[in-house]
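2 protein chains.
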Amino acid sequence: MKIAIVGVGAMGSRFALMLKHSSNEVTLIDGWQSNVEAIKAHGLQADFNGKHVQSKMPIYALDEVDQLQDYQPDLIIAFTKSNQLDEAFQKAQSLISPQTYVLCLLNGMGHEEILEKYVSKEHLILGITMWTAGLAGPGQATLFGNGNVELQNFAAVDKDFALEVEQVFAAAGLNPKYSDNVSYSIWRKACVNGTLNTLCSILDCNIGELGQTKESEALLKTIIAEFAAVAAHEGIDLDQAEVFEHVTETFTADIADHYPSMYQDLIKNHRNTEIDFINGAVWRRGQEYGIATPYCALITQLIHAKEQLLNK
Amino acid sequence: MKIAIVGVGAMGSRFALMLKHSSNEVTLIDGWQSNVEAIKAHGLQADFNGKHVQSKMPIYALDEVDQLQDYQPDLIIAFTKSNQLDEAFQKAQSLISPQTYVLCLLNGMGHEEILEKYVSKEHLILGITMWTAGLAGPGQATLFGNGNVELQNFAAVDKDFALEVEQVFAAAGLNPKYSDNVSYSIWRKACVNGTLNTLCSILDCNIGELGQTKESEALLKTIIAEFAAVAAHEGIDLDQAEVFEHVTETFTADIADHYPSMYQDLIKNHRNTEIDFINGAVWRRGQEYGIATPYCALITQLIHAKEQLLNK
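From first to last, the protein sequence lines are chains R and G.
All residue numbers for the first sequence refer to numbering that gives the first Met the number 0, where the first residue is 0 and numbers rise by one.
All residue numbers for the second sequence refer to numbering that gives the first Met the number 0, where the first residue is 0 and numbers rise by one.
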């Protein structure tokens, strides 16, 4: 399959390497200049479960997309930061023909609203992934452990191409599953990000430490209830008790001593976060639907205030 | 006047020194052993507007109150930390006869509920003070600037003694004013503490930095609205626009580069805070009255979680 990956950070690098190794034609597009230069010079490198891998792939900066005039990918996978998705697809939109499909596996809600500006509902595939990935430096990924992918055509019409993607991903070892209710999975995963990522960032603690505070139970339950109220208005009946259990399992799991990705972005690297696609999206949709989501509102405001304080 | 001061921290030291210097009989009672020992050895010392002052006064640890069997103060002033008030008055209650009055100038709401366990409503005087004070070490206060005191008998019956206190405070230079609506002033001041102290502590910033975030206006207005809704149920009609102006004036005032006292307690010294008497009191009363106060609830939970994370 001819696959373009827009956004070659940690997760983009994982998918690029795994898809390339299973003989797909992978082209990379990224907005971070040092990353583009490193990959142009040395290919994409990774510590892949303890083994060094290195793979040459064509890579273009977002500003170089016009050099790709005759290139027509079958599939574009979006792996930018959420808050860079719109700008990236604005610059990469010449790659999208009526035949192109776009797959988005980013955490949270609202990416489809952005992507629908560039591709039809029928050619949009949404999903989630439980793969993890880290970046040691420009062009150098750190890829450990196992994961999977759940995906579904956004418009429930012709799912043939999405099933083809499933096959290609299966051949690449990505453990895909075509889902009949990926929206449920997206909301369920957003509850994890909307509790652990935000609270650890605000409280400056890791996942296990959060779990040890007396307040964590009430905090999680209130936030999950707000997510569920808004999801219900979209026809998704979140099982709040199950989601609560799912989140609290992390408190004593291997990842208990981890600082979530939002913490890494915000507190460690002073970067803006994807809060507008997590709690911010719940707040925005809640306002639209007339549903009160004060915890999501305050959390969104606090994270944005912290972005301004740290990122100046 | 025979005055006992329970809690000889920064503010207790200020009142002790100023009342002693105007010839009152001041007795000190405190729970911090090093403080008690330092004052026993050297008297109470202070940098008082640049001048070194030192004054011998009898001081007792809270556990030594039984040594004071024949001592009957006319007035006890409560200057403990809010969350230590109950325990301190439990230990000091033998000082309270039917003639004794108790004055409380602590920030926030709910101290009267504790003090009513030890003194009748009619002998309780509530108020606020705009004096500031710092502590350089045990027995050593740092007292700069100017301030004032507003006070009122809690039960609107016999106010003769409270007016006597006003005279004694006036002679001590404490700029007192007998108020006909001290509850309004208490709520208005609580709005300052419930916004600046909490948000600077959660966001790890000073007052001026908070004011520069885009979110500060919405945050302040939402929190003040919750305070006003609960105050209204108690017959206090807070002028929200005026209170908002009053809080935001600090963003560009001399104190803009200050970190509020809650920040000092929590973030710098890893101590528990008075949150249960500020936003926590609004939340608790809101639940009692059937008024939603989600911002106060979440802020209280976050501060308590941070206390546990930092104070372990």
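No lab work stands behind these hints: they were computed from the structure.
One should not assume that every hint holds.
For chains that are exact copies, the list does not tell them apart, and a pair is met inside one copy or across any two.
DSBU-like, lysine-lysine: derived pairs with alpha carbons at most 35 Å apart [said to hold, decoys possible]:
hint, residue 1, residue 2
1, Lys267, Lys158
2, Lys311, Lys176
3, Lys116, Lys213
4, Lys311, Lys1
5, Lys90, Lys213
6, Lys220, Lys267
7, Lys1, Lys220
8, Lys39, Lys50
9, Lys213, Lys80
10, Lys50, Lys176
11, Lys39, Lys213
Going through the hints against the structure:
{"no.": "1", "hint": "Lys267 <-> Lys158", "verdict": "neither (41 Å within a copy, 57 Å between copies)"}
{"no.": "2", "hint": "Lys311 <-> Lys176", "verdict": "neither (42 Å within a copy, 44 Å between copies)"}
{"no.": "3", "hint": "Lys116 <-> Lys213", "verdict": "between (44 Å within a copy, 28 Å between copies)"}
{"no.": "4", "hint": "Lys311 <-> Lys1", "verdict": "neither (41 Å within a copy, 55 Å between copies)"}
{"no.": "5", "hint": "Lys90 <-> Lys213", "verdict": "between (47 Å within a copy, 29 Å between copies)"}
{"no.": "6", "hint": "Lys220 <-> Lys267", "verdict": "both (27 Å within a copy, 30 Å between copies)"}
{"no.": "7", "hint": "Lys1 <-> Lys220", "verdict": "neither (44 Å within a copy, 53 Å between copies)"}
{"no.": "8", "hint": "Lys39 <-> Lys50", "verdict": "within (21 Å within a copy, 69 Å between copies)"}
{"no.": "9", "hint": "Lys213 <-> Lys80", "verdict": "both (33 Å within a copy, 22 Å between copies)"}
{"no.": "10", "hint": "Lys50 <-> Lys176", "verdict": "within (27 Å within a copy, 77 Å between copies)"}
{"no.": "11", "hint": "Lys39 <-> Lys213", "verdict": "neither (50 Å within a copy, 40 Å between copies)"}
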